[in-house]
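There are 2 protein chains.
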Amino acid sequence: MTHPQHLILTGDRPTGPLHLGHYVGSLRQRVELQTKHPQFILIADLQGLTDNGSQPEKIANNVLEVMADYLAVGIDPQQTTICLQSALPALAELTMLYMNIVTVSRVERNPTVKNEIQQKGFSRSLPTGFLVYPISQAADITAFGADLVPVGDDQLPMIEQTNEIVHKMNGLLKTPVLRHCKALLSTTGRLPGIDGSAKMSKSLGNTLTLSASEQEIHQAVSAMYTDPQHLRVSDPGNIEGNVVFTYLDAFHPDSEKVAAMKEHYQRGGLGDRQCKNELEACLQTLVAPIRERRQQLIADKEMLMGLLKHGSEKAHLHTQKTLHAIKRGLGLPVMF
Amino acid sequence: MTHPQHLILTGDRPTGPLHLGHYVGSLRQRVELQTKHPQFILIADLQGLTDNGSQPEKIANNVLEVMADYLAVGIDPQQTTICLQSALPALAELTMLYMNIVTVSRVERNPTVKNEIQQKGFSRSLPTGFLVYPISQAADITAFGADLVPVGDDQLPMIEQTNEIVHKMNGLLKTPVLRHCKALLSTTGRLPGIDGSAKMSKSLGNTLTLSASEQEIHQAVSAMYTDPQHLRVSDPGNIEGNVVFTYLDAFHPDSEKVAAMKEHYQRGGLGDRQCKNELEACLQTLVAPIRERRQQLIADKEMLMGLLKHGSEKAHLHTQKTLHAIKRGLGLPVMF
Numbered sequence: 001m002t003h004p005q006h007l008i009l010t011g012d013r014p015t016g017p018l019h020l021g022h023y024v025g026s027l028r029q030r031v032e033l034q035t036k037h038p039q040f041i042l043i044a045d046l047q048g049l050t051d052n053g054s055q056p057e058k059i060a061n062n063v064l065e066v067m068a069d070y071l072a073v074g075i076d077p078q079q080t081t082i083c084l085q086s087a088l089p090a091l092a093e094l095t096m097l098y099m100n101i102v103t104v105s106r107v108e109r110n111p112t113v114k115n116e117i118q119q120k121g122f123s124r125s126l127p128t129g130f131l132v133y134p135i136s137q138a139a140d141i142t143a144f145g146a147d148l149v150p151v152g153d154d155q156l157p158m159i160e161q162t163n164e165i166v167h168k169m170n171g172l173l174k175t176p177v178l179r180h181c182k183a184l185l186s187t188t189g190r191l192p193g194i195d196g197s198a199k200m201s202k203s204l205g206n207t208l209t210l211s212a213s214e215q216e217i218h219q220a221v222s223a224m225y226t227d228p229q230h231l232r233v234s235d236p237g238n239i240e241g242n243v244v245f246t247y248l249d250a251f252h253p254d255s256e257k258v259a260a261m262k263e264h265y266q267r268g269g270l271g272d273r274q275c276k277n278e279l280e281a282c283l284q285t286l287v288a289p290i291r292e293r294r295q296q297l298i299a300d301k302e303m304l305m306g307l308l309k310h311g312s313e314k315a316h317l318h319t320q321k322t323l324h325a326i327k328r329g330l331g332l333p334v335m336f
Numbered sequence: 001m002t003h004p005q006h007l008i009l010t011g012d013r014p015t016g017p018l019h020l021g022h023y024v025g026s027l028r029q030r031v032e033l034q035t036k037h038p039q040f041i042l043i044a045d046l047q048g049l050t051d052n053g054s055q056p057e058k059i060a061n062n063v064l065e066v067m068a069d070y071l072a073v074g075i076d077p078q079q080t081t082i083c084l085q086s087a088l089p090a091l092a093e094l095t096m097l098y099m100n101i102v103t104v105s106r107v108e109r110n111p112t113v114k115n116e117i118q119q120k121g122f123s124r125s126l127p128t129g130f131l132v133y134p135i136s137q138a139a140d141i142t143a144f145g146a147d148l149v150p151v152g153d154d155q156l157p158m159i160e161q162t163n164e165i166v167h168k169m170n171g172l173l174k175t176p177v178l179r180h181c182k183a184l185l186s187t188t189g190r191l192p193g194i195d196g197s198a199k200m201s202k203s204l205g206n207t208l209t210l211s212a213s214e215q216e217i218h219q220a221v222s223a224m225y226t227d228p229q230h231l232r233v234s235d236p237g238n239i240e241g242n243v244v245f246t247y248l249d250a251f252h253p254d255s256e257k258v259a260a261m262k263e264h265y266q267r268g269g270l271g272d273r274q275c276k277n278e279l280e281a282c283l284q285t286l287v288a289p290i291r292e293r294r295q296q297l298i299a300d301k302e303m304l305m306g307l308l309k310h311g312s313e314k315a316h317l318h319t320q321k322t323l324h325a326i327k328r329g330l331g332l333p334v335m336f
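Chains as they are written, first to last, in this note's numbering: chain W, 1 to 336; chain H, 1 to 336.
Here chain W stands alone, though its shape is the one from the complex:
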């Protein structure tokens, strides 16, 4: 198959509205990338169900929330195709085909899956869908013919497994169909929770969503973890593990100013309150227009669903081409 020079696939599991961690880690980057390369964003509802199989409403209710988040931060459906995983049968069909060339022991060895199984405490109650989700993710990436996949470094084993499948499946065909891909590593690390814990998570109550109110932002920044040893303004302060500075690094538009503040804080004489004021101002400025757009967007679910349907139709045509090429390559009839 012929492919465009570069094509990006990225996406999110719709388990809740997106938060500032998503903004820093991926959304901001997508807004930039959409002007450079063809970009597909997949709302991965099927993948969301792999560990929420018994509470499908949690996934179903968040599909349009995530859609609203995308549009609110500036993802432009004219430039980026936003689509729904469960609307694209090629993804399920390719997963079925790939499952036959990947052994159980290979998916069990995938480090990302191993970690997540442990984190989620699955052990013997592991859903089969969760075990095979690297294969499903390989189906997603290859169905779109994506060669650039923005991920965190914890997801590198997924890219490796995808390329293994590409290699093996292409080897079964007279002419190769699938495209190898590579990770587009995020330049910023994972944003910690406002309490300083490594992971932002709604259930831990340490996130700020993209629709956080002025008051919520104020409270979150006020309560933010700093340097517990920094008791007086005149004391030298520590910026390592100091969430306020991590957030200033992530969100403040003026990196020179942040560098000067860090220096001042470490030397002594810069108070937490002042740093927090600086951070709050910058978060309020960032979130206010997103919140406002998001409010308007979420009020019109019909429009959101219309856009998602439009993108999914386009993605359907696109992914069916890969499925048909694979089927033909394997000698299976393509009927309709």
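Read the hints as simulated data drawn from the structure, not as lab findings. If a hint is listed, it holds; no wrong ones were tucked in.
Identical copies carry no separate label here, and so any pair may be met within one copy or between two of them.
Here are the simulated SDA-like pairs of lysine to any residue, each with C-alpha atoms no more than 25 Å apart in a straight line:
(1) K321 <-> H310
(2) K120 <-> Q155
(3) K58 <-> G329
(4) K314 <-> H324
(5) K114 <-> G189
(6) K321 <-> P333
(7) K309 <-> G329
(8) K276 <-> N238
(9) K276 <-> P192
(10) K120 <-> E108
(11) K301 <-> D12
(12) K114 <-> L126
(13) K309 <-> Q320
(14) K168 <-> Q55
(15) K314 <-> M335
(16) K202 <-> E280
(17) K58 <-> H324
(18) K309 <-> F336
(19) K36 <-> H180
(20) K199 <-> G241
(21) K174 <-> N52
(22) K58 <-> V166
(23) K174 <-> D51
Fit chain H to the supplied structure of chain W, relying on the hints for placement.
Same frame as chain W, but now just chain H:
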């Protein structure tokens, strides 16, 4: 969903042309059943790939062979809908959804899968597709809304697992969508190979296909395992494990005559040659018209593919209804 009073789903993995074991064990029954109930026959190419992932041509090349077998034995596409598994995206999509509500340990405990993993010598090289094939089979059965599934008793754990999935999935929906099913157990046991081994298998060279020539039938019956202690015609003979009598039971239209022959053989005075002549005559009569029809049918692959496509289109509409009802029940959008 509303269902017809009864609906039958049955099928075969297209790993080779069908043989007399299939005829006795299932094909004959299907020809009868098609006049009584709506019946779908699924050519299970995807399932065939679960343990032939690296030799897809073995599956692809046999799809129309099996189609020809069906028509040659009298399966009537006006009465029975014959369709291709890989042509029906609903089956893959439902499999993906069901995988999230079935644990890995549950499929590993499935006795049929456990046995087959051992038989096929998979151990650590078990393809994930093979591990989850009970879930895929549950998707097949439920997508069609089949309540009657003709199987051998070795397949009963599959029916049990399907009903577990039906129960669990229906429990997640406001109103139940999926239908429970039951096994329609074959009245005849598994036909042994002509060499007396329990399993007929092309690789063992102990089968007779539905297109066996007169000469092949003659040779097979001549070489057939009887009672190795039955040296002289006048000796009493043993009919236990005597393949000639097993085949006479399975194929001879006159059961009283077979009973009399058995009695005579056990008493002594009935020679193997005479029994074999009786069997050969009855097999030649059975196979001759099937072979002839099959020759004509396989010569027109375009016609065979046309019929398979027509059946698959009908099955597609049918199975999409179930998929859409499940998606709506889970709250997922149904877009196109």
